[in-house]
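Student: We have chain X already, so just place chain B on it with the hints.
Protein chains: 2
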Amino acid sequence: MNCSSQEVRRILEQHDRIVLTAHVSPDGDAIGSLLAMQEWLEGLGKEVVVAVDDDIDDKFFFLPLAEQIRRPDQVQTDASWLTVVLDATGMDRIGAADALAKGKVLNIDHHISNLHFADWEYVRTDCAATGEILTELLADWQAEFSPSMANALYMAIATDCGFFKFSNTTGHTLRMAALLVEAGAQPNVVSEHLEARSLAKLQALSEVLRHIELFGEGQVACLSFTPELLQYTGEHTGSYIDYIRTIQGVDVAFTVKYVGPEETRVSLRSKRADVNAVASVFGGGGHVRAAGCTVAAPLEEAKKMIVKELLKVK
Amino acid sequence: MNCSSQEVRRILEQHDRIVLTAHVSPDGDAIGSLLAMQEWLEGLGKEVVVAVDDDIDDKFFFLPLAEQIRRPDQVQTDASWLTVVLDATGMDRIGAADALAKGKVLNIDHHISNLHFADWEYVRTDCAATGEILTELLADWQAEFSPSMANALYMAIATDCGFFKFSNTTGHTLRMAALLVEAGAQPNVVSEHLEARSLAKLQALSEVLRHIELFGEGQVACLSFTPELLQYTGEHTGSYIDYIRTIQGVDVAFTVKYVGPEETRVSLRSKRADVNAVASVFGGGGHVRAAGCTVAAPLEEAKKMIVKELLKVK
Numbered sequence: 001m002n003c004s005s006q007e008v009r010r011i012l013e014q015h016d017r018i019v020l021t022a023h024v025s026p027d028g029d030a031i032g033s034l035l036a037m038q039e040w041l042e043g044l045g046k047e048v049v050v051a052v053d054d055d056i057d058d059k060f061f062f063l064p065l066a067e068q069i070r071r072p073d074q075v076q077t078d079a080s081w082l083t084v085v086l087d088a089t090g091m092d093r094i095g096a097a098d099a100l101a102k103g104k105v106l107n108i109d110h111h112i113s114n115l116h117f118a119d120w121e122y123v124r125t126d127c128a129a130t131g132e133i134l135t136e137l138l139a140d141w142q143a144e145f146s147p148s149m150a151n152a153l154y155m156a157i158a159t160d161c162g163f164f165k166f167s168n169t170t171g172h173t174l175r176m177a178a179l180l181v182e183a184g185a186q187p188n189v190v191s192e193h194l195e196a197r198s199l200a201k202l203q204a205l206s207e208v209l210r211h212i213e214l215f216g217e218g219q220v221a222c223l224s225f226t227p228e229l230l231q232y233t234g235e236h237t238g239s240y241i242d243y244i245r246t247i248q249g250v251d252v253a254f255t256v257k258y259v260g261p262e263e264t265r266v267s268l269r270s271k272r273a274d275v276n277a278v279a280s281v282f283g284g285g286g287h288v289r290a291a292g293c294t295v296a297a298p299l300e301e302a303k304k305m306i307v308k309e310l311l312k313v314k
Numbered sequence: 001m002n003c004s005s006q007e008v009r010r011i012l013e014q015h016d017r018i019v020l021t022a023h024v025s026p027d028g029d030a031i032g033s034l035l036a037m038q039e040w041l042e043g044l045g046k047e048v049v050v051a052v053d054d055d056i057d058d059k060f061f062f063l064p065l066a067e068q069i070r071r072p073d074q075v076q077t078d079a080s081w082l083t084v085v086l087d088a089t090g091m092d093r094i095g096a097a098d099a100l101a102k103g104k105v106l107n108i109d110h111h112i113s114n115l116h117f118a119d120w121e122y123v124r125t126d127c128a129a130t131g132e133i134l135t136e137l138l139a140d141w142q143a144e145f146s147p148s149m150a151n152a153l154y155m156a157i158a159t160d161c162g163f164f165k166f167s168n169t170t171g172h173t174l175r176m177a178a179l180l181v182e183a184g185a186q187p188n189v190v191s192e193h194l195e196a197r198s199l200a201k202l203q204a205l206s207e208v209l210r211h212i213e214l215f216g217e218g219q220v221a222c223l224s225f226t227p228e229l230l231q232y233t234g235e236h237t238g239s240y241i242d243y244i245r246t247i248q249g250v251d252v253a254f255t256v257k258y259v260g261p262e263e264t265r266v267s268l269r270s271k272r273a274d275v276n277a278v279a280s281v282f283g284g285g286g287h288v289r290a291a292g293c294t295v296a297a298p299l300e301e302a303k304k305m306i307v308k309e310l311l312k313v314k
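Just so you know, the protein sequences line up as chains X and B, in that order.
Residue numbering for the first sequence follows UniProt numbering, starting at 1 and increasing by one per position.
Residue numbering for the second sequence follows UniProt numbering, starting at 1 and increasing by one per position.
So here's chain X without its partners, still in its complex pose:
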């Protein structure tokens, strides 16, 4: 059942030992929400442990508490512990951290696909980020925001709305961010750390940008992550699509990535066209403007199949 703000506060206050967790592949919203919550709860005198079943990107280590995040197998809990699941839609999203939830579970989340799985929940799909929800809750509880809490929550919000560029940015999103800057958040420090890239990553970007192909009179842009290109980029290729998505005149951007000789992973983004429909043809799916599928064909052939389908929906 969906709690009120005051009910959430009461649940947290009634537990002395709390484990905080979030989804695997934790992003800025997950990490920022965890660390702000940890700091506030520790200030109340609670015993708090933050556990995430994944590596923590070192770009988050400018937040002092980030290095203390543990793996679930390093943590012991019992049924007296409250488990707070932040920014995750279900227990299947938190990996091995689900084993720590021996007692009651509170879920705070903003995803529309939330599975409503917890004993108590506070799900706000009108918010762009879990950090936006937490900022409102903490303000409602008249909590004091330290500068480090404010930085963590500013990162949380900014990450999930693309620094106030995405369509999920509302007046409320910006007002919560305003409150954080007034509490000591430093947008330049947060952005500096989020944007830091290694020289190797920039050199990989240079190589990737040499492989852009346009189709359909420039309305479709494609990047092919061949085994050769993957040697530069490594396996994490998800962010490159943004470079081709923003090319003037391009409506649909897609990437094809080598998985095996007869297996190609496809990601699609669009400004207008329904790419969910295209992904569905190949047994994939997603949203109208962001979808993906896996094609049982070699990379070059898969690319041609996708272009053909895309030109049908144009």
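Each hint should be verified, as a subset may be incorrect.
It does not matter which identical chain is meant; a pair holds if it fits inside one copy or across any two.
[Unchecked claim] Derived pair list, reagent style DSS-like, types lysine-lysine, alpha-carbon separation capped at 30 Å: (1) K46 / K271; (2) K59 / K165; (3) K312 / K59; (4) K201 / K308; (5) K104 / K271; (6) K201 / K304; (7) K46 / K59; (8) K201 / K165; (9) K312 / K201; (10) K201 / K271; (11) K165 / K271.
Don't read these hints as lab results, they were simulated from the structure.
Tutor: Below, chain B without anything else, positioned relative to chain X:
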């Protein structure tokens, strides 16, 4: 003299014919401020002309009024016209538009270097953007924001604070942006148009990123715009420095650009070091974290001279 908000309103209401202008090389803040002001004043029944002594980047043309901006020589004024100078510190910043100022001049600006030149002025150095000032003024006047005014002002604010990433982003900056989104501004539409790049620009970026050099154990990053590289990039190379400034471990980023066989233009950015001091050695200057100079030496030699000075201040 610095007017009050209500005095600014009265000055605008007392004039029936108004020419709006802004600095040359108009950026998002200048253009967004001009177009929002134009729309509001036309709504009051004024005769309004917007004149800028420069080309208007076509990325601004998603704002309906942007294509109507004229060159000063296409405009006729007389002493009865009010000239409103937006986002400019002095008459020397508006190029040939100064010839249109035959009557009174009102200046609305946020730059600390403002020359206090106008008959009336409203200078707010606490604001990150002229668009932030105008949003506050229009809200104070209970003006109605149309969605296109809101988009123009959101662009104005977001441009000058790097989409809420720069240290000039305050709670007030974000609150004004919130008000605009609630009035119909579309952050995704604004950002999509500001970020649109041609394929040629991305290919130029790819080439530029192949030329990064690091010095001083990776704390200094450099890009050299040789005549060969300038064939890819064209003369507008100002934005590339952001890519090397954000490399992990880099404190100072600088670019050297070929001007002539014995003339090299240098731009410096830093996170901590005082680059103004380094630029001063060569007769240049600027701010602690952003400065520039021109060195009377060939590019390669100028680069070595700058590195040598930089390693002294490290």
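Student: A separate judgement is required for each hint: does it hold in the structure or not?
Tutor: Outcome of the hint check:
Taking the shortest Cα distances, K46 and K271 never come within 30 Å of each other, neither inside one copy (46 Å) nor across copies (37 Å). For the homomeric pair K59 and K165, the shortest alpha-carbon distances inside one copy (21 Å) and between copies (16 Å) are both at most 30 Å. Taking identical chains as interchangeable, the C-alpha atoms of K312 and K59 lie at most 30 Å apart only when they sit on different chains, with a minimum of 29 Å there against 42 Å within one chain. In the homo-oligomer, the alpha carbons of K201 and K308 lie at most 30 Å apart only across protomers (27 Å), although the nearest pairing inside one protomer, at 32 Å, exceeds that limit.
When the C-alpha separation of K104 and K271 is checked against a cutoff of 30 Å, the pair qualifies neither within a copy, at 42 Å, nor between copies, at 46 Å. Taking the shortest Cα distances, K201 and K304 sit within 30 Å of each other both inside one copy (28 Å) and across copies (26 Å). Proximity of K46 and K59 under a CA criterion of 30 Å is satisfied intra-copy only: 28 Å inside one chain copy versus 52 Å between copies. Taking CA atoms no more than 30 Å apart as the test, K201 paired with K165 passes in both settings, with 23 Å inside one copy and 21 Å between copies.
Taking the shortest Cα distances, K312 and K201 sit within 30 Å of each other only across copies (29 Å), while inside one copy they are farther apart (35 Å). In the homo-oligomer, the alpha carbons of K201 and K271 lie at most 30 Å apart both inside one protomer (27 Å) and across protomers (20 Å), since each shortest distance falls under that limit. When the C-alpha separation of K165 and K271 is checked against a cutoff of 30 Å, the pair qualifies both within a copy, at 14 Å, and between copies, at 24 Å.
In this structure, the earlier hints numbered 1, 5 are contradicted, and the remaining ones agree with it.
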